[in-house]
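Each protein sequence line maps, in turn, to chains A and B.
Residues 235 to 380, numbered by the numbering used here, are exactly what the first sequence covers, in order.
Residues 235 to 380, numbered by the numbering used here, are exactly what the second sequence covers, in order.
Everything labelled a hint here was simulated from the structure, so no lab data went into it.
Backbone N, C-alpha and C define an ideal beta-carbon position, used for all residues, glycine too.
Do not take every clue at face value.
To be verified - Just the calculated beta-carbon pair ranges, DEER-fashion:
no.	chain 1	residue 1	chain 2	residue 2	range
1	A	D264	B	R368	53 to 59 Å
2	B	T268	A	A285	23 to 29 Å
3	B	T268	A	R316	26 to 32 Å
4	A	R356	B	R316	55 to 61 Å
5	A	P344	B	E291	37 to 43 Å
6	B	V374	A	F240	40 to 46 Å
7	B	P339	A	T293	28 to 34 Å
8	B	R379	A	D359	39 to 45 Å
9	B	G331	A	E291	34 to 40 Å
10	A	S310	B	T238	26 to 32 Å
11	B	A371	A	R271	55 to 61 Å
12	A	E291	B	R271	37 to 43 Å
Number of protein chains: 2
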Amino acid sequence: MRLTNFTDYSLRVLIYLGTRRGEARLATIDDIATAYRISRNHLTKIVHHLAKEGYIETTRGKGGGMRLARAPEEISVGTVVRGTEEDFALVECFQDGNLDCSIIPACALPPFLNRALAAFFRELDSRTLADLLRPRAQLVQLFRRG
Amino acid sequence: MRLTNFTDYSLRVLIYLGTRRGEARLATIDDIATAYRISRNHLTKIVHHLAKEGYIETTRGKGGGMRLARAPEEISVGTVVRGTEEDFALVECFQDGNLDCSIIPACALPPFLNRALAAFFRELDSRTLADLLRPRAQLVQLFRRG
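Let the sequences and hints guide you as you build the complete structure.
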């Protein structure tokens with residue numbers, strides 16, 4: 235059971251931008267790529283998604299870059315993950331239109347799995363980006379080392 | 235977020251064998267392949283795993299086949315899923331030895347994700363194969379149609 239790299243990296247971008255709050259200079263994709271040693275290509279798509287979802291705002295041109303568009307307390311980890319995961323098709327029959335399994339009309343597994351998924355998200359919904367930023371001084375130091 | 239097909243099919247095999255309890259004739263891989271319209275190849279590995287884990291017992295030769303080795307009430311859905319999933323590496327840094335991310339020493343995400351995963355499994359641990367077999371008459375009918 236895994237989350238996508240897209241989710242993983244989206245959370246990392248938000249953590250990075252969270253530690254930069256209050257700084258005059260906007261963060262760039264290069265800053266984030268250096269801080270995490272990950273490719274700019276991955277990051278471009280992620281930044282686009284996070285901007286579209288209203289988590290960050292971006293400015294083009296010289297001196298341009300990005301910053302959080304909301305307070306970290308207002309960014310729910312659960313909501314971010316729901317938006318970045320492609321689907322929550324835990325088993326085959328959860329996929330749209332997939333009715334291959336012969337016992338679908340009687341199977342008790344889907345409601346059990348849905349309850350488990352709901353419990354998973356209840357935990358993540360109880361956390362915000364602010365919780366991820368508590369060790370801020372340490373995070374800042376680690377980003378500096380890159 | 236997905237479970238592997240291996241998990242999905244393992245649960246299906248257990249459900250099938252559960253509905254066959256009390257029948258004199260042992261179930262064969264062909265029976266299960268026909269009931270679910272899935273390939274024998276997949277099933278062979280799954281049956282091997284389920285036998286190794288002590289959920290089913292198999293007999294070779296003429297009249298051979300398999301059946302549940304335990305009462306359905308004693309087969310926890312959570313335990314089955316823990317045994318069939320390769321890993322629960324929700325994010326990159328959960329993978330053994332993967333220390334690529336620069337903020338690992340300070341990151342608050344792993345404990346949050348672990349709590350969410352624990353909540354997920356608490357739900358599945360509260361269910362047994364017996365719960366999946368409640369609509370038994372309906373399941374038997376669906377298997378007959380194949």
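Each hint, compared with the structure:
1. D264(A) to R368(B): 53 to 59 Å: holds, 57 Å
2. T268(B) to A285(A): 23 to 29 Å: violated, 51 Å
3. T268(B) to R316(A): 26 to 32 Å: violated, 38 Å
4. R356(A) to R316(B): 55 to 61 Å: With a Cβ separation near 20 Å, R356(A) and R316(B) fall outside 55 to 61 Å, so the hint is violated.
5. P344(A) to E291(B): 37 to 43 Å: Between P344(A) and E291(B), where Cβ atoms are some 29 Å apart, the hint is violated.
6. V374(B) to F240(A): 40 to 46 Å: Cβ of V374(B) to Cβ of F240(A): about 42 Å, so the range 40 to 46 Å holds.
7. P339(B) to T293(A): 28 to 34 Å: holds, 32 Å
8. R379(B) to D359(A): 39 to 45 Å: Hint holds: Cβ distance 41 Å, inside 39 to 45 Å.
9. G331(B) to E291(A): 34 to 40 Å: holds, 37 Å
10. S310(A) to T238(B): 26 to 32 Å: holds, 28 Å
11. A371(B) to R271(A): 55 to 61 Å: Distance hint for A371(B), R271(A) holds at roughly 58 Å.
12. E291(A) to R271(B): 37 to 43 Å: Between E291(A) and R271(B), where Cβ atoms are some 51 Å apart, the hint is violated.
Hints 2, 3, 4, 5, 12 from the earlier list are contradicted by this structure; the remaining hints agree with it.
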